[in-house]
Amino acid sequence: MVFIHADNVRLSYTVRQKLSLAWPRRRLEATGGRIVSKGRHHTVTALDGISFDIAAGDRLGLVGSNGSGKTTLLKVLYGIFEPTAGRIETHGRADALFNISLGFRKEATGRRNIVLRGLVNGWTPDEIESRMDAIIDFSELGEFIDLPFKAYSQGMSARLAFSVATSLEPEILLMDEWIGAGDASFQEKAKKRMAAIAEKAGIIVLASHNTSLLQRTCNKILELEKGRVKYFGDAEEWFAKNTEA
Amino acid sequence: MLNSYRAAFKDITAALKLRRVWMAFASEDIGDQYRRTTLGPLWLVINYLAMIAIFIFLFDRGNGLPHFATYAATGLLVWSFLSELLMQSVTLFVREEAFIKGTTLPLSVYAMRMVMQSLIRMGYTVVGCLVVISFDGIAPLWSWLWVLPGLAILIFAVPPMVICFGFLGAYFPDSQYLVNNAMRIGMFVTPVFWVNPGNKALRSALYHYNPFTYALELFRLPVLEGRVPLLAFAVCGGGAILLWLVALPLLGRLRRQVVFVL
Chain U
0 MVFIHADNVR LSYTVRQKLS LAWPRRRLEA TGGRIVSKGR HHTVTALDGI
50 SFDIAAGDRL GLVGSNGSGK TTLLKVLYGI FEPTAGRIET HGRADALFNI
100 SLGFRKEATG RRNIVLRGLV NGWTPDEIES RMDAIIDFSE LGEFIDLPFK
150 AYSQGMSARL AFSVATSLEP EILLMDEWIG AGDASFQEKA KKRMAAIAEK
200 AGIIVLASHN TSLLQRTCNK ILELEKGRVK YFGDAEEWFA KNTEA
Chain S
0 MLNSYRAAFK DITAALKLRR VWMAFASEDI GDQYRRTTLG PLWLVINYLA
50 MIAIFIFLFD RGNGLPHFAT YAATGLLVWS FLSELLMQSV TLFVREEAFI
100 KGTTLPLSVY AMRMVMQSLI RMGYTVVGCL VVISFDGIAP LWSWLWVLPG
150 LAILIFAVPP MVICFGFLGA YFPDSQYLVN NAMRIGMFVT PVFWVNPGNK
200 ALRSALYHYN PFTYALELFR LPVLEGRVPL LAFAVCGGGA ILLWLVALPL
250 LGRLRRQVVF VL
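As you go down the protein sequences, you meet chains U and S in turn.
Mapping to numbering that gives the first Met the number 0: the first sequence position 48 is 47, numbers consecutive.
Mapping to numbering that gives the first Met the number 0: the second sequence position 59 is 58, numbers consecutive.
If you are wondering where the hints come from, they were derived from the structure by calculation, not from laboratory data.
Since this is a predicted model, take the numbers as computed values, not measurements.
Cβ atoms here follow ideal geometry from the backbone N, Cα and C, with glycine treated the same way.
It cannot be assumed that every hint is accurate.
Partial chain S-side listing against chain U, Cβ under 10 Å, derived [said to hold, decoys possible]:
id : residue
1  : Ile154
2  : Phe259
3  : Val260
Pairs of lysine-lysine residues, derived as DSBU-like cross-links and limited to a Cα-Cα distance of at most 30 Å, are as follows [claimed, not checked]:
id : chain 1 : residue 1 : chain 2 : residue 2
4  : S       : Lys9      : U       : Lys225
5  : U       : Lys188    : U       : Lys199
6  : U       : Lys190    : S       : Lys100
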């Protein structure tokens, strides 16, 4: 059973002015109400009181203005950030696509990069070997797969990243605005694969500013505002409300 | 306190399970450094031999010690392993920022990759060391095998150093330069290429109270004198345990916090 359960999640962290021998600079005024400063310490509350439940087959869209906490929430879901308070329970094998070129080595070939990424994801060498051809086929990189990664364009990197991340059929797929790169035909393929994952009772969480993409993909929307939930519920309802206004 | 120890152990066992990751990345790292060179990692051997040549022919501080070349060769072997490891450890977490912020790999994976990388590099310098020893006219002896427990102790002692220095560099960026300077000076205050003069108070003290001396002796005594380096075992083993006692709570407490300071 795949699900994500978030109960009153709060994430705050201290941004320490690093200990340094440098002469202290004139302190700048803090902008916004989410930063509490005390001497050298600034406490940022990135998420506060986040509660929601999503179940198998849900495709959740995360929306909100820049800095509202979308990426932070994705990273909490993935386990990179530990919530300061509250509880988060995710059940299912998760994979994430945050930054397209993350974890790719420039000097290594595409093929070697697939191996390395697979190892990071915890696959065995046999699993990697058995998926290699499918990943290369899906990425349509052809002979480029044996060239160093630094020779790839943005779109090609995106193809490789998406192919690797989705090849193990993750039960939970977390994505952050990845779709900007990649041409139309690949986006079409990617969309189909995402639909397939969702159909197999997986969960997709997608943070994006692209309304039409969200409208096509998501059945639920979570809107964040300054780290708090502004709206959580049915996607159609949210779109109806927001296109009226 | 107990919780942070438990968290640290969890982190380390998870990293040990992921050994394929850090082994693969460590060999990539070495490969990347020499990718476009003709001689590749042979440069490690050449650099080492050039350094040794300077020690032997320009700065002979052996005071007539027989087999000074071997003395310096074994010393430099361990010293360059440790100093490079420490200098690179200070920037470890900062360099791996993208990975730490983008994946859920246990933090110890980075430390083990660093250790692995240094061990590979040391493997190349061992070749250079053996060349020097054979030119120095020392034939292999069974007592050389006492190097192996020494190596085991060294390998056990370095991961906590990497962890501590990694956090130090993340929380206190200036330490990068402090450590680089300290290591440069360290080469002169550690008996890498000078011998304990016995009668000069300052240098004798530097010899006896410098923990690095004993790390060098782990390799030096079995090869040079065919002796079991018991004191070095004790000092380095004890030091390793102390280092772990510091590194484990740090790791447990900071492994989820460090991401916020990078």
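(request) Please name the hints from earlier in the document that this structure breaks, with their numbers sorted from lowest to highest. (result) Hints 1 and 4 not satisfied by this model.
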